[in-house]
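Undergrad: Sequence:
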Amino acid sequence: NCLNISLSLYSQNLSSNFIFNCSSGNNVRENFYLNLSSYNGNFVIYYFNISDIVNKSKLSGKTKIKVDTTSPEITNLTYWINENHVLFRMIVKENNFMSVQYMDAGAVYPRWNILCTSLSNKNQCIRRILFENGGHNVTIRALDKAGNSVYQDINFTIT
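Quick note on numbering: the sequence shown equals residues 3 to 161 in my numbering.
Among the hints, erroneous ones may be present.
The calculated lysine to any residue pairs, modelled on SDA-like cross-linking and capped at a C-alpha distance of 20 Å, are [said to hold, decoys possible]:
| id | residue 1 | residue 2 |
| --- | --- | --- |
| 1 | Lys64 | Ile7 |
| 2 | Lys66 | Ser17 |
| 3 | Lys64 | Asn6 |
| 4 | Lys147 | Cys118 |
| 5 | Lys64 | Phe22 |
| 6 | Lys95 | Gly43 |
| 7 | Lys68 | Asn19 |
| 8 | Lys95 | Asn78 |
| 9 | Lys147 | Asn37 |
| 10 | Lys95 | Asn125 |
| 11 | Lys124 | Asp146 |
| 12 | Lys66 | Asn135 |
| 13 | Lys124 | Ser73 |
| 14 | Lys124 | Leu79 |
| 15 | Lys58 | Ser17 |
| 16 | Lys66 | Tyr48 |
| 17 | Lys147 | Cys24 |
| 18 | Lys60 | Tyr48 |
| 19 | Lys95 | Leu121 |
| 20 | Lys124 | Asn86 |
| 21 | Lys58 | Cys24 |
| 22 | Lys64 | Ser10 |
| 23 | Lys60 | Ser18 |
In case anyone wonders, no lab produced these hints; they're calculated from the structure.
Please build the complete structure, drawing on both the sequences and the hints.
TA: Shown next as structure tokens:
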């Protein structure tokens, strides 16, 4: 019978220990949500220790990760319309970059589409996209590999 789970994490300058109650049974999953902003940009090592009601415990292996709690930054977002084509250009500041995507809220089936999966020199994302005639409410989203994101909305009309 599970008594608690402790999570220990440490880096060069900080260390923390968190204790959580746990459920007993087979294939039980527990979710933990922690604010790791004090570790942002640092490598941390973490491990778990699970204890039962008769004082037996089991340590997990140690895992090293880099903490990233900072969202990407989009600057200098510009776009030019040439007939049905829109040329997007922006600078994305992010060391852990994953992609820039867009969604047209006015599309028949709005979904995220890729603008860039890599950045050119000077951290630029430049891409030309074809749009149908009419008004467009487009959301631009920059994502990093840690799941952080930032959004910017633009509106334009293709005639």
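Undergrad: Does each hint fit the structure? Answer for all of them.
TA: Hint check results:
{"no.": "1", "hint": "Lys64 x Ile7", "verdict": "holds (15 Å)"}
{"no.": "2", "hint": "Lys66 x Ser17", "verdict": "holds (14 Å)"}
{"no.": "3", "hint": "Lys64 x Asn6", "verdict": "holds (18 Å)"}
{"no.": "4", "hint": "Lys147 x Cys118", "verdict": "holds (14 Å)"}
{"no.": "5", "hint": "Lys64 x Phe22", "verdict": "holds (18 Å)"}
{"no.": "6", "hint": "Lys95 x Gly43", "verdict": "holds (15 Å)"}
{"no.": "7", "hint": "Lys68 x Asn19", "verdict": "holds (18 Å)"}
{"no.": "8", "hint": "Lys95 x Asn78", "verdict": "holds (11 Å)"}
{"no.": "9", "hint": "Lys147 x Asn37", "verdict": "holds (18 Å)"}
{"no.": "10", "hint": "Lys95 x Asn125", "verdict": "holds (7 Å)"}
{"no.": "11", "hint": "Lys124 x Asp146", "verdict": "holds (17 Å)"}
{"no.": "12", "hint": "Lys66 x Asn135", "verdict": "violated (50 Å)"}
{"no.": "13", "hint": "Lys124 x Ser73", "verdict": "holds (18 Å)"}
{"no.": "14", "hint": "Lys124 x Leu79", "verdict": "holds (14 Å)"}
{"no.": "15", "hint": "Lys58 x Ser17", "verdict": "violated (24 Å)"}
{"no.": "16", "hint": "Lys66 x Tyr48", "verdict": "holds (7 Å)"}
{"no.": "17", "hint": "Lys147 x Cys24", "verdict": "violated (30 Å)"}
{"no.": "18", "hint": "Lys60 x Tyr48", "verdict": "holds (14 Å)"}
{"no.": "19", "hint": "Lys95 x Leu121", "verdict": "holds (10 Å)"}
{"no.": "20", "hint": "Lys124 x Asn86", "verdict": "violated (28 Å)"}
{"no.": "21", "hint": "Lys58 x Cys24", "verdict": "holds (14 Å)"}
{"no.": "22", "hint": "Lys64 x Ser10", "verdict": "holds (10 Å)"}
{"no.": "23", "hint": "Lys60 x Ser18", "verdict": "holds (19 Å)"}
The structure does not agree with the numbered hints 12, 15, 17, 20 stated previously, though it agrees with the rest.
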